[in-house]
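Please take these sequences and the hints and turn them into a complete structure.
Going down the list, the sequences are from chains C and W. With numbering that gives the first Met the number 0, letter number 205 in the first sequence gets 204, and the count goes up by one each step, no holes. With numbering that gives the first Met the number 0, letter number 12 in the second sequence gets 11, and the count goes up by one each step, no holes.
Please keep in mind that the hints were generated in silico from the structure rather than gathered at the bench. If you're wondering where the values come from, they're calculated on a predicted model, not measured in any experiment. Treat the hints with caution; some may be incorrect.
What the hints assert, rightly or not - Over the 12 Å line for every Cβ pair with chain C, so calculated as not near, a few chain W residues: (1) F17; (2) P49; (3) S55; (4) S62; (5) P63; (6) Q167; (7) N178; (8) I235; (9) I256; (10) H304; (11) I373; (12) Q377; (13) N403.
Said to hold, decoys possible - Pair by pair, the computed Cβ-Cβ distance ranges are: (14) M0(W) with G137(C): 35 to 43 Å; (15) S278(C) with M0(W): 50 to 58 Å; (16) G128(W) with G137(C): 53 to 61 Å; (17) V169(W) with S278(C): 28 to 36 Å; (18) V239(W) with I318(C): 25 to 33 Å; (19) T67(C) with I378(W): 33 to 41 Å; (20) I318(C) with L324(W): 35 to 43 Å.
Glycine included, every Cβ here is placed at the ideal spot set by N, Cα and C.
What follows is the residue order along each chain.
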Amino acid sequence: MKGYRKYFLNKLLWFLVTFVFAFLLNFVLPRLMPGDPVAAIVARLAQGMSNTTGVQAIYQQYADLFGTNRPMLEQFFIYMKNVLHGNFGYSFSQYPRTVADTLKSAIWWTVCLQFPAIIVGWLIGNTLGALAAYLKKGFDKLLMPVSIFVSNFPAFGMAVILMVVFGVGLKWFPTSGGYGFDLIPSFRWSFIWSVIIHYQLPFWSIVLIAIGGQAIGMRSMSIYELNADYVKYSRFLGIKDWKIVGYVFRNAMLPQVTGLALSIGTMVGGALVAEIIFSYPGLGTTLLHAVMGQDYPLISASTLIITVMVLIANFTIEILYGFIDPRIKAAQSD
Amino acid sequence: MKHTLRQVFHSGKFVTGFSIFMALLLIVIVYPLIVKGAPLAIISQGTFLPPGIYVSAFDSINSPTTYTLMLDDAAAKRIANKLSNDDRLAMKEWLVSDGIPETEIDITDTAILLDLWGKNFDPTRQFPGMTFAKVQYYRRLDASLEGLLSTEGVTIAAQNPQTGALEQIVTIKQSDYVNLNNVANVRVLLLGTDNFGRDVLTELVKATGVSLQLGLVAGIIATLIGLTLGLLGGYIGGWVDDVIMFITNMFTVIPGIVLLILISFSIGQEKRGVVTIAVVIGFTAWVWTARAVRSQVISLRNRDHVNLSKLSGHSIVHIIATDILPYIASYVVMAFILQIASAILAEANLSILGLGPRTTELPTLGLMMNWAMIYQAQILGKWWAYFPVIVAIALITFSMNLMNTGLDQVFNPALRD
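Take a look at the structure:
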């Protein structure tokens, strides 16, 4: 267990350092933006006002409220303190709503949509890839070109096509939103059903994209392993085929787990755009509105949350990997 | 070198990918030579004109010669064009409500249907349960049907500027035809127009070209940074490697799209040109190349030929250039191809978020997608505004990945079929 603790602490430290770095980037980059967002809000509010002192007073009030008139370093400490309290300030575009309020529900829509979809896509993709490597012939010939094509398909393209075919054309599923526009969130059956049918198209568009890439990776990994010396040796020893296949796929699986940890960031990026296409009430759509409204507290909070979600997912996979791969334990106890 | 190239071009996957890519490139280069005109010129009023051949009605009337063609099916086609299937079903519905047995009505036989309609339809009649809109619809339908079976021509008149009276210029008979070659203004819009009324095909070809250039610039930047960092980290090792790996690992975990969003937003709307976006994408995409190059270099670092070179007193630059680079060249080329493809995808993702290049002269594939989405082309069924764009992006990335897979199989014998 000692080996694991070292591994775990190592990963945790790494996770924290990355988090601090991401946090810094998140704070600094949007604040480098030219132009004054407070001035934009005031211009909107003060439309048709001719009293310049009045406009000045409004400007001052908002600048104090958002803290944009203080030095950068001071803003940073205020921001850090506020974020630790879960307070991301006010949204510029949806004032007087707070950013935390805007994001609170969006996070859950995104988490419930993207992570199950990525995991399901990963599982299906790996199974198909392993089958292609083992069965070869026709199945491989069919699966490979399809996988290559699908994995290169842009995520939004898949979303649009699913939407046009199943939403607009066949009318099997609704085309936008997370639930029917005429419903109020509650635990009634009609609401749950509405959520389920709104879930299908975004979910499958993310799954389909994930399948292709994973299948290709798993296929080459499995082919590598199937040609390895230990497989030939086991065959000479007369070990049963299914048992060898079990070993082979377990070994081929390991790089795929690390691959998932590394590519989860990219996948989330694609999935955010898929959310936008379906106007799914998650972080992707929130980001779109934030960008359109030049709303930097909202952008910075959304990107921070996305980064944290990806970091946590990554960390979890790394920890799980430590338990699956015996080599990790061996390496740590040296 | 020659042998390697021959081997590469024997790989079916590579050749397929290469052909698709070259075909795209050829279209991008040749099309503007044939079809001249600004790619973003607004040529139509109204949005989303469907694909087809547009013939000037004015010029057809004023065509110098008209021809007479006696075609038997002309009248039938004319009626069929005016009377859609929905209209026929609606007519049947009215007639059935009027009390005519359903078996007597055959909506495929236009003559009988019109005959029944003419005898029975009464615009003042109202059936219980029929909405006012529906009643109006039947009145409009009836009005448009009048004269459908007549054989008289149409008279074209012009207003006399002095008296204001209408004077007949020409009478057009139903059997009059013009040759398309005699009509002064014919415009072929193979993919219709977009939400701003611009020719989608011309725009798409230009956008493909711009996106490829953007991918190229981003790919070169990403590959150069990745190659440099990978070589330094892998060959020199020690604390240099530690620092480089620290940064690389950090940027691997932080999602690329988050960095792209933050940086493009920070640059601000005015300064966000195509080149800027390409540079930003390049600066956020080098991570994978750096990792791949580094691990290759580490496995090469202690080979005999490298050690020999070291013992002979060659400089680091010389060793890297002659003993390391040739061995990883194939990997770098493959990584470069993938970088181009992923940069084009990154631009598209960014543009859909509204953070793409802000330009009024140059379209990109992502921007075209963004415009189509904003104007809800997918809901309105205007497939020509978004589908060709998706196909173009998919073809580019597909061809590049095929080339990459082909190269991989050539340089990596374990993956060969």
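A quick look at each hint next to the structure:
1. F17: About 15 Å separates F17(W) from the closest Cβ of chain C, which puts it past 12 Å; holds.
2. P49: holds (16 Å)
3. S55: holds (33 Å)
4. S62: Per Cβ check, S62(W) is outside 12 Å of chain C; nearest 40 Å; holds.
5. P63: Holds, because the least Cβ-Cβ distance between P63(W) and chain C comes to about 45 Å, which exceeds 12 Å.
6. Q167: holds (48 Å)
7. N178: N178(W) is indeed farther than 12 Å from all Cβ atoms of chain C, at 39 Å.
8. I235: holds (23 Å)
9. I256: Incorrect as stated: the minimum Cβ-Cβ distance to chain C is 3 Å, not above 12 Å.
10. H304: holds (26 Å)
11. I373: Contrary to the label, I373(W) does not stay out of reach of chain C, its closest Cβ about 10 Å off (not over 12 Å).
12. Q377: Check fails; 5 Å does not lie beyond 12 Å.
13. N403: At about 9 Å from chain C, N403(W) fails to clear the 12 Å cut-off, so the statement is violated.
14. M0(W) with G137(C): 35 to 43 Å: Because 37 Å falls inside the window, the suggested range holds.
15. S278(C) with M0(W): 50 to 58 Å: Holds: the Cβ-Cβ distance is about 53 Å, inside 50 to 58 Å.
16. G128(W) with G137(C): 53 to 61 Å: Taking Cβ atoms as reference, G128(W) and G137(C) lie about 58 Å apart, which means the hint holds.
17. V169(W) with S278(C): 28 to 36 Å: About 53 Å separates the Cβ atoms of V169(W) and S278(C), which means 28 to 36 Å is violated.
18. V239(W) with I318(C): 25 to 33 Å: Taking Cβ atoms as reference, V239(W) and I318(C) lie about 29 Å apart, which means the hint holds.
19. T67(C) with I378(W): 33 to 41 Å: About 39 Å separates the Cβ atoms of T67(C) and I378(W), which means 33 to 41 Å holds.
20. I318(C) with L324(W): 35 to 43 Å: holds (38 Å)
In summary, the structure is inconsistent with hints 9, 11, 12, 13, 17 from the numbered list given earlier, while agreeing with the others.
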